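Take a look at the letters that make up each chain.
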Amino acid sequence: MIIDLPKFVAAERPMWNELEQLLKRIEDQPNRPLPLEDLQRFHYLYERTAADLGRVSTFASEPETRRYLEHLVARAYGEIHETRSRHMRFRPLHWFFVTLPQTFRRRIAAFWLALAITVGGTIFGAVATIIDPDSRAVTMPFGHDALEPSERVAKEESSTNERVAGHYTSFAAFLMTNNIKVSLLTLALGMTWGIGTVIVLFKNMVGLGAIGVDYIMAGQTPFLLGWLMPHGVIEIPAILIAAQGGFVLAGALIGRGQRAALAARMRTVAPDVVTLIGGVAVLLVWAGIVEGFFSQHHQPVVPYGVKIAFGTVELILLVLFLTRCGKNAEPEGND
Amino acid sequence: MTNQFLIRTPEGISFAQTLAGPMSRFLAWGIDCAIIIGLSWATGMALGLFGLISPDFAQALMALSYFVISIGYGILLEWIWRGQTMGKRVLRLRVVDAEGLRLQINQVVIRNLLRFVDMLPAFYLVGGVVSLLNRRYQRLGDIAANTVVVRAPKLTEPDLDQLLAGKYNSLREHPHLEARLRQRVSPAEAAVAMRALLRREGLDPRARVELFGELAEHFRAVVTFPPESVEGMPDEQYVRNVVDVLYRARK
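Line by line, the protein sequences give chains A and B. Going letter by letter, the first sequence gives residues 1 to 335 in our numbering. Going letter by letter, the second sequence gives residues 1001 to 1251 in our numbering.
No wet-lab data here; the hints were simulated from the structure. Keep in mind the model is a prediction, meaning the values are calculated, not measured. A hint or two may mislead.
Quick list of in silico lysine to any residue cross-link-like pairs, SDA-like style, CA-CA up to 20 Å [said to hold, decoys possible]:
hint, chain 1, residue 1, chain 2, residue 2
1, A, Lys155, A, Pro222
2, A, Lys181, A, Pro141
3, A, Lys7, B, Arg1182
4, A, Lys7, B, Pro1187
5, A, Lys24, A, Glu12
6, B, Lys1167, A, Pro6
7, A, Lys7, B, Gln1183
8, A, Lys181, B, Gln1183
9, B, Lys1167, A, Ala10
10, A, Lys7, B, Ser1065
11, A, Lys203, A, Gly232
12, A, Lys24, B, Ser1065
13, A, Lys7, B, Leu1197
14, A, Lys181, B, Ser1065
15, A, Lys181, B, Leu1198
16, A, Lys24, B, Leu1101
17, A, Lys181, B, Pro1187
18, A, Lys7, B, Arg1172
19, B, Lys1167, B, Leu1197
20, A, Lys7, B, Tyr1073
21, A, Lys7, A, Arg48
22, A, Lys155, A, Tyr168
With these hints in hand, go ahead and build the complete structure from the sequences.
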């Protein structure tokens, strides 16, 4: 049987037009729910258009009409069968003080893994420097191996910041963008079953361990803490949280012990991954400002005690923020 | 590898969308890159005015603006244009949810942020290889976000004027043969003839003559109409009359 296409189109077109108008209304105002009568009408029109598509596909095979109906049905299907909550108005304060810490705690296992790799990398870098001082050339980033710690400290303390004088803002901007890029890469590499995330994290922490032990062995611990703590206590946890996001992605990709399909697993973790990387960006903006404007000032301009105290306060606040904030609020998201 | 992305609804209806291949996506990305560079340059020029007050501040703003534009461009446009950037608009591509559902902001953000790994080591090599190995041409960002990129051709209202509306059709003079034609021709055969008519203007003249010659010969073999009704009738006209009979019932 072949349907009488012109007659069919003439009869059904008003329904298709009405469905198209309703769809436009829904798409233009996603936060405004339709009244019940309109919803019922929308459902009826969707089912009728889907049935029309079935008829056209079976009895007519006319490509233009079929494509037109497929497009309409696809749009309506997306609206009707979507069960995830509609896009809510973004509330930055609520997101930062409730959603972010709750998400961090919900995915804490991935954070512990990132922390373990960090500790491992740091110990490896430190031991490598102690056992083989020549390894500094390989393990230390940014040309830190070129100067002995005591030379570096003397240079920094005598320079009275001419190095970055007049460039504080651009230096802070550079630090922010560079660190966010590294964090995004760390997170994105979660899609390599987490292997890339492990490598990036471990490599960075090897450098940190090597530099740290180098300064400690040279008796420059106050300089090291005063130099790194003001920004490092935020920057390093931020990179760890990025790695946490990467491991959450990797966990969903591997799917060990999970019965859901890959698409469903990814769908479940997506909001958490976005929240974590959003939090990382906020933390790194703060760390960039501190590093650009504060960390580069050394004794005698800013005493190391002040810098260490500042870093300690930041660290306590960060720990309190991540462990306490949003505890009394209703839990959000999926596990 | 099929280039159709098929969704089957709980109502038992299937609809298909054509997947966009890696090359068209790469071209769209090229257009987007050019726009990002242009936007960054224009913003840099405008922000350069701050250099009169503080060169340091102007330099910081330029660095931040490039960073924000390069990352935010894809996220913002794909969100407000429902899965399209400028490049995708030009090449008529669209990002859609892999289950046919509404595209969510999380999906847009994830697929754009995961460009960092898809772009490795250069020119989207990782993303390109992954998408070539994937039956839905998904790069890693698409797999993580559960999205696919489909072709979004410009949709036109069904044009049925091709069906000889209001014109005389000599085959209609023979109702019994007309009925036999409708009975013997399958929907698939009718669809081939319809598609040939709809696309005839785009055919090479020689191919057009040959195609309609073959179609007319096929339909003449299915049902033979009296010579007085079809004498001197060009092949293309014959096919148009057959399609008119097949798709339009008698008034």
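### Query
Okay, which hints does this one fail, numbers in order?
8, 10, 12, 15, 17 and 20
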